[in-house]
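Model the full assembly from the supplied sequences, consistent with the hints where possible.
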Amino acid sequence: MTSHAAYLPSGLPIPVPEPDGLSAPYWAGLQQNRLLVQRCAHCQTWQFGPEWLCHRCHSFDVQWTDVEPRGRIFSWERVWSPSHKVLREHGPYLAVLVELPEAGNVRMVGNLLGDPMQPVTIGAIVEGEYEHHLESRPPYSLLHWRLTAK
Amino acid sequence: MARTPNERTLRGRVAVVGVGETEYYRHGASPDPEFKLALKAILAACNDAGIDPREIDGFSSYSDDRSEASRLAAALGTHRLRTATMQWGGGGGGCCAAVANAAASIVAGLADCVVVFRSLAQGQYGRFGQTDGITTISGERAYLMPYGVLAPPQRFAMRVQRYMHEHGVKQEAMRAIALASYHHAQSNPRAVMFGKPLDEAKYDASRWITEPFHLYDCCMENDGAAALILMSEERAGDFRNKPAYILGAAVGAGYRSGAIPHNSPNYASASFETLAPDLYRMAKVGPSDVGVVQSYENFTGGVAMALAEHGFFKPEEANEYLTLDNLIAPTGRLPLNTSGGNLAECYMHGFELVIEAVRQVRGQSVNQAKRSDVALVIGGPMVTPASNLLLGSGATL
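Protein chains in written order, with this note's numbering: chain H, 198 to 347; chain W, 2 to 398.
Read the hints as simulated data drawn from the structure, not as lab findings. Using N, Cα and C, we set each Cβ at its ideal position, and we do this for glycine too. Check before you lean on any hint, since a few could be wrong.
[As the list claims (entries may be wrong)] Interface residues of chain H toward chain W, partial, derived using beta-carbon atoms under 8 Å:
hint: 1; residue: Ile211
hint: 2; residue: Pro214
hint: 3; residue: Leu310
Put into structure tokens, the structure is as follows:
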């Protein structure tokens, strides 16, 4: 699913791959509504964030693998005090740490869409929503999370 | 205590013989630039020891301190430079590691008189708590900053939230840690929060920075510098003050603590589960021998986690253990952050905590603990590499 309005104001740092390109497939994938996570072709271990080799068996054959953006909230925070000038008039917002049981419980940070004052429960099931900034220079996309309708 | 031949240890081989600091300022309020602050703190530590600054032959620091060793050696006119050691990464998690690295240089015969220091002028170089002026970002922060997870409060809140969830730790436990620091700062004229007491109602009414952190759960941002002088045990008795011996130190973190972003397997951790046993083993003491603790408060939650990992209580006991009465000098069960620490004395990136531990061992603290022969310092929690340090009086050797 793709959301149209940005969750946070523009002007925050734009994510780009490192100069060595390690995470480039991840960021490119988000722009195509794809969530890519590394999986070792040799021992099948999932790995995120990316690295050049598998932390378990040391194979360099770590393959970017499509994952359904489904998970559960592992932790969360409600941010009140702005640490960036574009957030000064914005008010509170929610960040969540989501673990992905379908990808070896790797974790990802995103925003929890909806009312920023909603109660948040650790363990709640969430699904991903892509937020595109394709007109931005450089273009980029983010992956947010929303509570799954019961 | 006997040392077996060839035992690899710091225990009893090196002592802190001098400590010093500049005046501590609110961020941006220092009249001096950062390098001048470093020089003033180093000279104060030399004066405290009664040594000629030209005798310094090594420098050790952490968190990429900008006051570089060769410039310091030239500025001070030291006879020669023999060691220049920077702890790699971990920010304030390196405050004890910098001491350990310097001590190791002395034990190994690389140097004889090493100054360990930290200097910070956030007014000159920008605040840790603000992140303006970044256009694009890569690496770990690329997975965080676009979502508003920008500065340390946002980077650490989810770790503490998870810890509170796993172990049922309540906000009141965090509050007790903040109250203890402020309580001690009220008798410390060096403290930035001297004359500014905190009580339960004021804490409860304070604004959220990032839930679960109230304003008073978060460290200050300050300008200043602090330094100490290390010498070998053979010379430790030659100076003005009673030596504070290194009993042990440990540096690092557990399995894949550095897995970004927020992917360390033991997430709800302060990073001391492997360091605390190493520290106690080297020091040949246990938690019950420790009379006073300085534990780095980036955030109060990290202190709760770090104290549990050092064996003072089980995480499930945090709510009962972490009360103001238990945490204050002289007679609390475990006097904590007796100078006011990062919350209320000065955010000298934890180095003020190391100096306070020395003062406790000497018997010179403004909040002297009843038992202070063995003093523990715990560096910045929830980072990698973290570090810790045990200091002891001559009677403990």
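So, going through the hints one by one against the coordinates:
1. Ile211: holds (5 Å)
2. Pro214: holds (6 Å)
3. Leu310: violated (11 Å)
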